[in-house]
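Engineer: The primary structure of each chain is shown beneath.
There are 2 protein chains.
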Amino acid sequence: MESKLPSIDSVFSVDCVIFGFDAGELKILLIERNEEPFKDWLALPGYFVEQNESIDNAAARILYELTGLNDLHMEQFHTFGELNRHPQGRVITVAYYALIRTSSKKELRPISQYAKKAFWHPVNDLPKLAFDHTKIFETGFSKIRRRLNTQPIAFELLPEKFTLTQLQSLYEAIENRKFDKRNFRKKMLGFGFLKELNEKEKDVSYRAAKLYRFDKRRYMKVLSDEGGIEN
Amino acid sequence: MESKLPSIDSVFSVDCVIFGFDAGELKILLIERNEEPFKDWLALPGYFVEQNESIDNAAARILYELTGLNDLHMEQFHTFGELNRHPQGRVITVAYYALIRTSSKKELRPISQYAKKAFWHPVNDLPKLAFDHTKIFETGFSKIRRRLNTQPIAFELLPEKFTLTQLQSLYEAIENRKFDKRNFRKKMLGFGFLKELNEKEKDVSYRAAKLYRFDKRRYMKVLSDEGGIEN
Chain A
1 MESKLPSIDS
11 VFSVDCVIFG
21 FDAGELKILL
31 IERNEEPFKD
41 WLALPGYFVE
51 QNESIDNAAA
61 RILYELTGLN
71 DLHMEQFHTF
81 GELNRHPQGR
91 VITVAYYALI
101 RTSSKKELRP
111 ISQYAKKAFW
121 HPVNDLPKLA
131 FDHTKIFETG
141 FSKIRRRLNT
151 QPIAFELLPE
161 KFTLTQLQSL
171 YEAIENRKFD
181 KRNFRKKMLG
191 FGFLKELNEK
201 EKDVSYRAAK
211 LYRFDKRRYM
221 KVLSDEGGIE
231 N
Chain B
232 MESKLPSIDS
242 VFSVDCVIFG
252 FDAGELKILL
262 IERNEEPFKD
272 WLALPGYFVE
282 QNESIDNAAA
292 RILYELTGLN
302 DLHMEQFHTF
312 GELNRHPQGR
322 VITVAYYALI
332 RTSSKKELRP
342 ISQYAKKAFW
352 HPVNDLPKLA
362 FDHTKIFETG
372 FSKIRRRLNT
382 QPIAFELLPE
392 KFTLTQLQSL
402 YEAIENRKFD
412 KRNFRKKMLG
422 FGFLKELNEK
432 EKDVSYRAAK
442 LYRFDKRRYM
452 KVLSDEGGIE
462 N
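Listed in order, the protein sequences are those of chains A and B.
Quick note, the first sequence lines up with residues 1 to 231 if you use this note's numbering.
Quick note, the second sequence lines up with residues 232 to 462 if you use this note's numbering.
These are computed hints drawn from the structure, not numbers from a lab.
Here a beta-carbon is modelled for each residue, glycine too, at the ideal position from N, C-alpha and C.
Mixed in with the good hints, there may be bad ones.
[Stated by the list, open to error] Short, incomplete list of chain B residues facing chain A, as computed with Cβ under 10 Å:
id, residue
1, PRO237
2, SER238
3, GLN282
4, GLU284
5, ILE286
6, ARG321
7, ARG376
8, LEU379
9, THR381
10, ILE384
Take the sequences, apply the hints, and build the full model.
Structural biologist: What follows is the structure, given as structure tokens:
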């Protein structure tokens, strides 16, 4: 072996699976790419890691450049290194995810010319994505699903004040099944981590529902000490 | 953007954290490197990913070449991509772990000239390791610790028939604390996943203890349905 690195023609990229919950729907962030040969392809926000940046910094920079979002807490979840996953050569990609409170009203604005636009799309009806991005999304989504009962995912995705219907919609979206309304409420209220507020929804056309917030200390305790929430 | 990959001078490697439990001690597999400029350095088994192999295949090949072990179920757990983590240039490494039943009697035999030897070393008394391998080990060890109560780790590390003392030693090694013997046994037996055998240890100089094996179905059920084991 020489005392230098082998010459291998490969590059790293990062790809971001950003989950947001808006109007009762679980969504992820997509971009429409703008450069040949991938013009108009829909993809997860992702790009190449530069020579002189750590992969964590690259993930934050690239997400910002392609969508305008910054200051997210992103966590690495898997590295995809199959041969031929990218048509231009050997690209190994490190995938990150984040969960954020979102709103369709908040504007997404790519800084980089590589993205024509960035937008939220419901997870249940994803279009065909570039490269192996569908697989990357699915791996991230299944990770979220496994963590739903042991990590404060609902806290990260819901607004500070929320209704029990919103909470149930979130669980239903992540687990992709319906829960009985009465049982779900009974069980969730039984944990003691929901604090009923002296407030109701505003500006709704139906009968306004009560608002709740998480008692975060108690929520964390249920998630960790008691082995999680099972529905 | 050109329709080809950017020219970035970087390579991938894989590093393996292989946990084994032998004679009441939790150990990991280390190699002594054989090539300049790293001659005599102690390191995790790891090396560069070739141009034409997936990272999963690379991990299996490299572990085999450096230690002679094969057919392990290795799982990726984190990718380390800090700048300057490797003295020869930009190397991003994907770390894998595996848990195996081991025995100091089983011979380790490097195939590759890059390893002078391979050996098991107790996790509690690790020497200084090459590069950021101490950090990689610690990340893998903390992942094992978090999974101890939710994944069949004890099943993978213990021999098929084991004593309650061995089981307690394993928990103590992973959690790095002592348990009260009576409470530990009462709790473990209470789960109902230990099957008492009509057999005792053989060839021991002290009073032979009863042997147990896992009722694997019941063990998996306790780990998943009931939210895990808490000590």
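Engineer: Run every hint past the structure and note whether it holds.
Structural biologist: Each hint, compared with the structure:
1. PRO237: holds (5 Å)
2. SER238: At 8 Å from the nearest chain A Cβ, B:SER238 passes the 10 Å test, so the hint holds.
3. GLN282: holds (5 Å)
4. GLU284: holds (7 Å)
5. ILE286: Interface hint status for B:ILE286: holds (3 Å vs cutoff 10 Å).
6. ARG321: holds (6 Å)
7. ARG376: Hint on B:ARG376: violated, closest Cβ of chain A at ~14 Å, above 10 Å.
8. LEU379: violated (13 Å)
9. THR381: holds (8 Å)
10. ILE384: violated (16 Å)
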